[in-house]
Amino acid sequence: MTPRIPILELEGALLVTVQVDLDDQLAVQLEEDLGAALARSSARGIIIDISGLELVDTFLSRILAQIASMSRVLGAEAVLVGMRPAVAVTLVELGMTLDGVSTALDIDRGIARLHALLAESP
Amino acid sequence: MPSEREFWPLKATRDVGDARRAVHAAARSAGFRSADAVRLATAASELGRNAVIHGKGGRMTLERLDEGAGIRLEFRDEGPGIPDIEQALVDGFSSTGSMGFGLGGARRLVHSFQIESGAGEGTRITVVRWRR
Amino acid sequence: MRRPADTDFPKGLYMISDLIGENAEALLDDWLEAADRVSRARPELAHERRLQARSFIEQLGQSIDDDTRPEDVRSAPWSGVRETLDAIVDTHLDEGKAPADIAFFVMSIKRPLHRLLVMRGGEPDDMLRVIWRVDLIVDRLGLYTAEIQIRRKEQVIARQQEEILELSSPVVQVWDGVLAVPLIGTLDSYRTQQVTETILEAVVETRSEQVILDITGVPTVDTQVAHHLLKTVAALRLMGAEAIVSGIRPQIAQTMVHLGVDLGQVVTKARLSDALKLAFRRGGLLVSGGAAN
Ligand SMILES: Nc1ncnc2c1ncn2[C@@H]1O[C@H](COP(=O)(O)OP(=O)(O)OP(=O)(O)O)[C@@H](O)[C@H]1O
Ligand SMILES: [Mg+2]
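Residue numbers (our numbering), protein chains in the order written: chain A, 1 to 122; chain B, 1 to 132; chain C, 1 to 293.
Just chain A, with the same shape it has in the complex (with noise of 0.2 Å):
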């Protein structure tokens, strides 16, 4: 059996807590779970706690883009949050800047960026 990341809701979002370093097939069964999540619940957002992550390479990156532009295509909104300093300047470096990726300090001001995204959003 493959093990998962767990998905959790909390005041209408969904959450997960990346903790160990992410290996492709379980970044990628992250983002096949996210959607499912999203189509079968309420809940209209989804906040990606990174904080204990010490490595985010082009693939993963692609994955975390991917689950921001899935979640609009659903109607819905994901904030990343927590990324380390160094994670941060790595990926400047690498050429990923995260564009459409919404992002935030920690979980909290993560909750709060969600709400005014889906303010905004008609």
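In short, the hints are calculated from the structure, not lab data. Some clues are possibly wrong.
Stated by the list, open to error - Just the calculated beta-carbon pair ranges, DEER-fashion:
1. Gly57/B x Asp108/A: 41 to 49 Å
2. Lys56/B x Gln19/A: 50 to 58 Å
3. Gln114/B x Val266/C: 33 to 41 Å
4. Arg72/A x Gly97/B: 17 to 25 Å
5. Gln114/B x Ser75/C: 44 to 52 Å
Think of the CB as a built atom: it goes at the ideal place given N, C-alpha and C, for glycine as much as any other residue.
Take the given structure of chain A and dock chains B and C with the ligands to it, following the hints.
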């Protein structure tokens, strides 16, 4: 440090995770600053994944230079090789419809970057990052 | 003067090694006396200097041979000698001695060594050759002390650079959730990377969402500086913080236009005070949920 060289197989994408974690740990224990260890490990992730996906599998050699003042990584595969290296290094070029930031990005994350590759010859990429 | 041929000496002709070993104490006295004539050690350090000089002679006696060539002093078997030189340089530096004094100190062992060799006797030609040889070896050792000093200086400079780096870009928390970073001086690539990392870490520590990068103290904004600013802004955004670049004087704005430098989407303000106002407003917006504007 017991052995000066470590070998990591790169057969499946799972191996890429193990290899980059080893690089990160080696860099940290050699005294690399946190962001520098992440830079090197991220480059390893890109080059390791390329060896698995484009190179049909290979291996990574991790070597400490000057008692940890630097780390050298070599990625070797016996795959199809890169026919046009210049082109492959351009950001946004990918033969598989991916984003194509891996190779050029990895080069920006290290201090020295060497590719030996040609059509049908396999690929060897050697990178070094110093501690600063 | 006819320069004596500098061929290798057969071992056993002078047995320099034994000569030094057997006359170590006399050589030591002779050397320190000669050295004191040039520059005296501070009384409280005289004992230290004597101990170090003695171990230098000991090591020299063990490493040197009749067929030693000057370049050998860099080889592995001479590491003991070099270590004693390291120690000698350090005490001299502690004493505040000038670089030349340290080399003089080492080289003032030449005369005493000559006297030993003359004592041993031999053909005048051989004697000249061996003295010549020993001089070259001691000269190399003197040069080596200069190198040690340069290395020490470099270490000091590197440390000071780190300190200046920290000083020159202090990250100031001007308000809850608002950081200001006055960027000062020229931004080279190593320094900028480190400044960026410091700023990003401060964001995490202080949980600040607003970061003002003030470039009033940056003399020119060329494409490289602009590129760096853009990278910092992008990294801040990835972490969930917002950046404002302030301190773009009219003159700087002009050069930027001339150079074709484009800060793209980055929010800029002419004055730091304007940037602060904006940062507070943005911060207020978040807290009160859209009331302020
Ligand atoms: N080890 C390799 N063997 C053969 N070809 C390679 C190898 N590494 C890279 N390439 C070629 O270079 C191209 C660019 O590599 P790069 O890593 O930049 O992009 P990518 O792997 O296609 O996409 P990304 O890494 O962004 O997902 C690849 O598409 C591939 O054609
Ligand atoms: Mg790739």
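Results for each hint:
1. Gly57/B x Asp108/A: 41 to 49 Å: Distance hint for Gly57/B, Asp108/A holds at roughly 44 Å.
2. Lys56/B x Gln19/A: 50 to 58 Å: Check failed, 32 Å falls outside 50 to 58 Å.
3. Gln114/B x Val266/C: 33 to 41 Å: Taking Cβ atoms as reference, Gln114/B and Val266/C lie about 35 Å apart, which means the hint holds.
4. Arg72/A x Gly97/B: 17 to 25 Å: Once the Cβ atoms are compared, 22 Å apart, the range 17 to 25 Å for Gly97/B and Arg72/A holds.
5. Gln114/B x Ser75/C: 44 to 52 Å: This hint is violated: roughly 32 Å between Cβ atoms.
Figure legend: structure checked against the earlier numbered hints; hints not met, in rising order: 2, 5.
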